[in-house]
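Undergrad: Since the structure of chain A is already known, use the hints to place chain B on it.
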Amino acid sequence: MEKLRKDTDMSHQLNGKREPKSKTAYINDRAYVLQEGETILSFVSRHLGKSSVPTLCDAPNLEPFGSCRVCSVELALQPQGNTKTVASCHTPALADSYIYTDTEKISRLRKNIIELVLTDHPLDCLTCEVNNNCELQTVAAQVGIRTVRYPEGKNHLDREKDLSHPYMTSDFSKCINCFRCVRACDEVQGEFVLSMAGRGFDSHIIKSNNTNFMESDCVSCGACAQACPTSAISDVFESKSVVADKKIRTVCTYCGVGCNLEVAVKDGKIKSIQAPYDADVNQGHTCLKGRFAFSFYNHPDRIKKPLIRKNGVLEPASWEEAYDYIAEKLTAIKQQFGPDAIAGISSARCSNEENYLMQKFIRAVIGTNNIDCCARVCHSPTALGMQKAFGTGAATNSIDDLKYADCILVIGANPTDAHPVTGAKMKQFAMKGRTTIVIDPRKTELARFATFHLQLKPGTNVALLNMMLYYIIQENVIAKDFIESRTEGFEEFKEQILRLDIDQLESITGVDKHLVKQAALAYAKSPNAMSFHGLGVTEHTQGTYTVMLIADLALITGNIGRKGVGVNPLRGQNNVQGAADMGCQPHQGAGYLNAYDPEINKQYEAFYKTKIPFSKGLKIPEMFEASIAGNLKALWLMGEDVVQTDPNTHKVIAAMENLDLLVVQELFLTETAKYAHVVLPGASFLEKSGTFTNGERRIQRVQKVVEPLEGTKSDGQIIVDIMNRMGYAQPDYDAETLLEEISQIVPFFRGVKWQELGDNGKQWPVQVDGTDTKILHAQAFNRGKGKFHFFDFQESQELVKHGQEYPYIITTNRELEHYNAGTMTRRTKNVELLTEDSLMIHPEDAQRHFIQDGDMVCVESPRGKVDLKAKVSDEVKPGVLSSTFHFPEVMLNKITSDEHDTEAKCPEYKVVAVNIRKSKGKQKVR
Amino acid sequence: MSKNLSYLSGRKGLGRNLFEELGNTVQKTGLLQDDEIERIRKDFLVGKANLHGTVSFYDFLKPENQGKKVYVCNGSACLCAGTQPALKEKLLSHFREQEIGEMCCLGRCHENAAFQYGGRNFSGNAIEKMDEILKSDISVEDDYKVGVFGTAILTRPFPGLEAYKSILKSCFQKPITELFEVLKISRLRGRGGAGFPISIKLESCRNTPGVQRFIVCNADEGDPGAYSDRYLLEKQPYAVLLGMVIAGYLADAQMGVVYIRGEYPESISIIEKTIAEMVRHELIGEDILGSGFSFHFKIIKAQGAYICGEETALLSSIEGQRPEVRIRPPYPAQQGLFNLPTVVNNVETLANLPFIMDQGGDAFAKIGTLKSKGTKLISLDGYFRNPGIYEVDMGTPLSKVVHELGGGFKKAVKAMHIGGPLGGLVPVTKIDDLRLDFESFSQEGFLLGHASIICIPENFPMILYLEHLFEFTAHESCGKCFPCRLGSTRGKEMLHKARTSDYLIDRKLMYDLLETLEIGSLCMLGGGLPLPVKNALEYFGEELKMYFKSDQN
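Residue numbers (our numbering), protein chains in the order written: chain A, 1 to 926; chain B, 1 to 553.
If you are wondering where the hints come from, they were derived from the structure by calculation, not from laboratory data. Just so you know, even glycine gets a beta-carbon here, dropped at the ideal spot from N, CA and C. Please note: incorrect hints may appear among the correct ones.
As a list, the in silico DSBU-like pairs of lysine-lysine whose alpha-carbon atoms are at most 30 Å apart [claimed, not checked]: (1) B:135 - B:301; (2) B:508 - A:105; (3) A:154 - B:545; (4) B:42 - A:869; (5) A:105 - B:497; (6) B:298 - B:169; (7) A:785 - A:480; (8) A:84 - B:430; (9) A:111 - B:508; (10) B:12 - A:525; (11) A:269 - A:674; (12) B:68 - A:154; (13) B:135 - A:517; (14) B:42 - A:403; (15) A:774 - A:480; (16) B:545 - A:111; (17) B:508 - A:154; (18) A:443 - B:12; (19) B:12 - A:513; (20) A:154 - B:534; (21) B:12 - B:298; (22) B:3 - A:84; (23) A:877 - B:12; (24) B:497 - A:111; (25) B:42 - A:513; (26) B:400 - B:534; (27) A:84 - B:508; (28) B:145 - B:273; (29) A:105 - B:545.
Below, a sample of chain A positions facing chain B; criterion: calculated Cβ distance under 10 Å [unchecked claim]: (30) 66; (31) 84; (32) 116; (33) 177; (34) 195.
Chain A extracted, bound-state conformation (with noise of 0.2 Å):
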């Protein structure tokens, strides 16, 4: 039976012995330049376009499958030879081959391959959602199918819809058998949710335990839906419907990767989304964020007026109440207080050039550095450690490089929720089996997939890293040429830690010193090996010194400075890099020039064209300090939410209502809002445009999708408004002048210009000749050497204070279905998906408190306590426990502590010292 095998020539195949001699082929008897181990399908559609080939199972985005059939060609190896009928997307193009891709062989064939689809087919094209955007008919028509000649037969017309879920939708009665939607899901995203079952002609698709997409484990990414060529699956925007008026290329607003969006407008509203499939960063995939969470954009609850605070109470007012009401206590507050009363938070959630004027009003026009961003709370410990180590503060590499490494070692960070794209990435990496190091107190889904699982108490990154510090330089697997050209303190460096205590680290982290061993070599050993990490590296008491350590494993083992290594953050918004570069925190200005140098000052103060002072600035925690000290009379918030989403939220509420004047720019009266004096109307990224930076240092265009809400501002013209009221002549908001005001100022932005940004951006440093930067460090560091640094464990005040009280220890994280405060995520349907916060909890813990699954738990902090539902998973060890701050109803940051990172100031959200008892409360009823 091994005859079931077709193509039985492969000799030339195993023997190589076809060695091409020159790199052209034939196609219908004229030669074309050929590629290097390209499919005929790939070498026809280059020369001859896109649909020159039709093809139904192939998609840009998935590996050839040969289902269709209807990319087949003739083949001939000699010029006039026997030809062979092969399909050309799993074919490889031969040299000297000669491919005839029309002939009349060849379209009856397709002919009547697709008659044979139509039998069982329904033929409703004209109210079919996909019409004229269908492959299927697409193909027919290319083909020229007229009729059907089979006598009616079995079919599959009477297949159920499926409308259980918010956003996906199927009729397989439409499903034509070709896999794409299984591969989609498998190859890209790497669910399986999506398989085949049955066979022959009864084989069809299923999702998870035969069920429907809600039921199922479906993630709702849409890869299905878009892999889809007809509307077997499809979303319920219809986003392959062709109704729409225009198409508009922007970027998601939602985490640090940075996706490309296409996004779908109708009579000026927002109908779809689907992801671009030349987008650099993702390829045509995205997440149920960035395709799905939309509406929020104009949701019922946008705040459409300015809001003043009248006898205590927020009153819509107009434009020019607000500004003057804000001008005239700001000058007041100024006069009398002096500039140093008044602070501004910027938002990772707004524009390059919106952050640049944030800071540079808060420098210019106040005339302090109080200026800071939500980089404070996530990735200022990397910024600042990075700097130190290396000399730039951004990640070294891009996440393309995973198809370069060789190894990757993830820690503290949940890329498949947090970071989904790049998480699918990292999951593909994984179950290929190349060398995975997860190092997270939680069974993260990569950790499943991963070759090591570090599985640490939570707070111990310092003591796990210098355990596999301590044995790569024990078994001397280091990079002595890299450690001896590029960097300095290494001696010493490997005194400190060949001094350590390798069974009482082993002791503080929980982790088999063994394990720690192996996956230590594992990374030392790859030829490639790249780190990336996340907030539970960085919202520590130790977070500078975890990164320090992370850029020690890259320095000791050289990886830096090529494709597929390097020290990569996760960044956690949309554009938190950019917030950060921009200059919004108190220490460094627009382009990390230091804020504090009287000699630097004159450079901004000249650019500026006003005095900017050099004055130490406060940092958000030290914000709320002031606030509450009274030192700190009014304070700027744009769309940060810090009520909700900063620790100690009783603390921040004091810090609030402490404020003679908050100033709150939102799309939603947030929590933090119900606390402003005045509340601006902001605009979302759908409805302005300017640039976002991702986590690998890419400038990306945001572009107008549609206007902004009526009655809303872009948040950069309400800051421009403002800066005019206060006397600064700040011509009105726009991207493309505003960048090249950045430009001049920002070195690393020097030859960024709108135009030529293009549809996959730039990564900084951008040459003046416009050349970008793919690759940090790769000659020298920005610092000069790699500085090796060593830091010793130090177990987490919040521990010391109160782990005898409080045994337990709760580690916050993310949900795939929400972002952040969920402010946006909240007010779209993927809260069908995801309806509260739940708290996970160790079976053995579970069952110590008579704790259930679903049952309400107490959980008390020193600060405070709420009620979560109990979610009972070993995904966490005994003693830890993990939840979320999507939902205000919850407000987990009640308990979580006031201690920082010592460096940076960054909370830690991650190490919060509490106790347990099963509640009465209720569960939250919808």
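TA: Structure of chain B alone, referenced to chain A:
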């Protein structure tokens, strides 16, 4: 086929194998329960849908076939002999109707009637002893003639383990290049039907970097009418297994997998026993005969899907994936089982290796014709006076086989279906034109295939036989490629309609369908079906013309 699933399944490999796990679980619980799904999914890191997808593919595992107790063979030979209805009727006095399933085929074609009960195969006549069978675990060993015409390579008596040891020892003493030279000189070609030189596969596998390599013995002899592999597995198991050890040594593989169809329970137990015996005698295991070469075995019991005889589907099957045919390249020698270099060969091919290594390449090459070397096993069905397995030199005239070895037909026969369901339909008038070798058959427009011969009696309607062939393909199609998935069903429907109503087939449409299947299909299941159909249309046009529209030619 999913590369990811291959990798994930490969993590557990053959130790706790996903396919076996699914088979065992279903066997234990009847259906795949949700908690079992959850357990296996977590353990193997695959999706729930994958597990359902795999289980629903196989005749023995799919939910709708659970609860069957006895299976009637519905292979082509049994069909032509018309024995199935009577057998079913008799079984009904012992079983409820829903407990009676079908299997295709049990390889008892020499008897033209067979059933399986309690993991044992019985010939049709054993039904008379059903009460006894139900009560005890007796086996009724089948009995068929084994003959030779020319050299006995595959049917020569087993020379004993010591003789095998010395073959293996002498292999270990020679340089690998010399062994390959022997194999090349022998010009041994694959016996599964494709006739591809085995040395090229082994060499390519050897030269492909990989942490592990596999030799897979394709013992999924699914062709109705063929039972020569069953003969080898049950009567010559040492030759098959030693062949695999030799292949493993040549390819630098460490693991041999024998993939045996579930329809052959006796083959599985015999191979199991033989492996154990060879392990005891140090012909299999670690550091075989002190050579430093280690080779281990794994038996995989198939679960009822003809397509698993296709080598790439077979590999996916072992991995616990749906056995859908893979595209090539990559070839299994480069990326096979668990994405690692693998050589898949038929039972008969491998069973030739001990002889070649023992007697030398020349001894083998001097048997047969210019291009087809060695011998071929032929399976003759119960329409012959002397049904059984015959080993003949390649190039032996077909008439010799039919008239002398087979002793002629018991009843009037109009055609022979040679080489399995996808082989040619040879009218008896062509018997004198054919010799048993690859070239002779293909020159005459037929296919040697696995050289099984099923007789189509004079009174058996050709239209019914064609419908049976389309139905077989429709039932066994993996469903991956469009032409086979849709075309086999549409063809079956057309023929059925023409046979049972006044519907007349549009001849052009039939030829369009045949061409679409032939040149469009991904593998030879769809691609091979047109051959016998075209043979029938050519040689039995008169008989068939009443089913076609007359206005066309």
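Undergrad: The structure should be examined with respect to each hint, and the outcome stated for every one.
TA: Cross-check of the supplied hints:
Only pairs whose Cα atoms come within 30 Å are accepted, and residue 135 of chain B paired with residue 301 of chain B is accepted, the gap being roughly 26 Å. In summary, the hint linking residue 508 of chain B to residue 105 of chain A is supported, as the alpha carbons are separated by about 14 Å, within the 30 Å threshold. Distance restraint check for residue 154 of chain A and residue 545 of chain B: the Cα-Cα separation of roughly 25 Å lies within the 30 Å cut-off, and the hinted pair is therefore satisfied. Distance check on the hinted pair: residue 42 of chain B and residue 869 of chain A sit about 24 Å apart at the alpha-carbon level, within 30 Å; holds.
Annotation: proposed proximity of residue 105 of chain A to residue 497 of chain B holds, straight-line Cα distance about 28 Å (limit 30 Å). A threshold of 30 Å between alpha carbons decides the hint, and for residue 298 of chain B with residue 169 of chain B the separation of about 23 Å falls inside it, so the pair holds. Proximity of residue 785 of chain A to residue 480 of chain A is assessed by CA-CA distance (about 15 Å); at most 30 Å being required, the pair is judged to hold. Note on residue 84 of chain A and residue 430 of chain B: the hinted pairing holds, with a Cα-Cα distance of about 28 Å set against a maximum of 30 Å.
In summary, the hint linking residue 111 of chain A to residue 508 of chain B is supported, as the alpha carbons are separated by about 14 Å, within the 30 Å threshold. For the hint linking residue 12 of chain B to residue 525 of chain A, the alpha-carbon distance of about 24 Å falls within 30 Å, and the restraint holds. At most 30 Å may separate the alpha-carbon atoms for a hinted pair to count; residue 269 of chain A and residue 674 of chain A meet this at roughly 29 Å. Taken as a hint, the residue 68 of chain B and residue 154 of chain A pair is honoured in the structure, with Cα atoms around 26 Å apart against an allowance of 30 Å.
Annotation: proposed proximity of residue 135 of chain B to residue 517 of chain A is violated, straight-line Cα distance about 61 Å (limit 30 Å). Our distance criterion of 30 Å between C-alpha atoms is met by residue 42 of chain B and residue 403 of chain A, whose separation comes to about 27 Å. For the proposed pair residue 774 of chain A and residue 480 of chain A, the alpha carbon gap of about 26 Å is at most 30 Å, so the pair holds. Between the alpha carbons of residue 545 of chain B and residue 111 of chain A the distance comes to roughly 26 Å, so the proposed pair stays at or under 30 Å and holds.
Of the supplied pair hints, the one linking residue 508 of chain B and residue 154 of chain A holds, its CA atoms being roughly 22 Å apart against a limit of 30 Å. Between the alpha carbons of residue 443 of chain A and residue 12 of chain B the distance comes to roughly 20 Å, so the proposed pair stays at or under 30 Å and holds. Under the criterion of a C-alpha separation no larger than 30 Å, the hint pairing residue 12 of chain B with residue 513 of chain A is consistent with the structure, at around 25 Å. Pair hint residue 154 of chain A plus residue 534 of chain B holds up; C-alpha atoms about 25 Å apart against a cutoff of 30 Å.
Between residue 12 of chain B and residue 298 of chain B the CA atoms are separated by roughly 14 Å; this keeps the pair inside 30 Å, and the hint holds. For a cut-off of 30 Å, the pair hint linking residue 3 of chain B to residue 84 of chain A stands: about 28 Å separates their Cα positions. The straight-line distance between the Cα atoms of residue 877 of chain A and residue 12 of chain B is roughly 25 Å, inside the 30 Å bound, and the hint therefore holds. Restraint check for residue 497 of chain B and residue 111 of chain A: satisfied, since their Cα atoms lie roughly 24 Å apart, inside the 30 Å limit.
Under the criterion of a C-alpha separation no larger than 30 Å, the hint pairing residue 42 of chain B with residue 513 of chain A is consistent with the structure, at around 26 Å. Of the supplied pair hints, the one linking residue 400 of chain B and residue 534 of chain B holds, its CA atoms being roughly 26 Å apart against a limit of 30 Å. A hinted pair counts as satisfied when its Cα atoms are at most 30 Å apart, and residue 84 of chain A with residue 508 of chain B qualifies at roughly 22 Å. About 24 Å separates the Cα atoms of residue 145 of chain B and residue 273 of chain B, which keeps this hinted pair within 30 Å; it holds.
For the given pair, residue 105 of chain A sits about 26 Å from residue 545 of chain B by alpha-carbon distance, which is consistent with the 30 Å threshold. This hint holds: residue 66 of chain A has a C-beta 4 Å from the nearest C-beta of chain B, less than the 10 Å allowed. Using the Cβ-Cβ criterion of 10 Å, the hint placing residue 84 of chain A at the interface with chain B is satisfied: the shortest such distance is roughly 8 Å. The interface hint given for residue 116 of chain A is met, as the beta carbon of that residue sits about 4 Å from the closest beta carbon of chain B, less than 10 Å.
Taken as an interface hint, residue 177 of chain A checks out: its beta carbon lies about 7 Å from the nearest beta carbon of chain B, inside 10 Å. A cut of 10 Å between beta carbons decides the hint on residue 195 of chain A: the least distance to chain B is about 3 Å, and the hint holds.
The structure fails to meet hint 13 from the earlier list, while all remaining hints are met.
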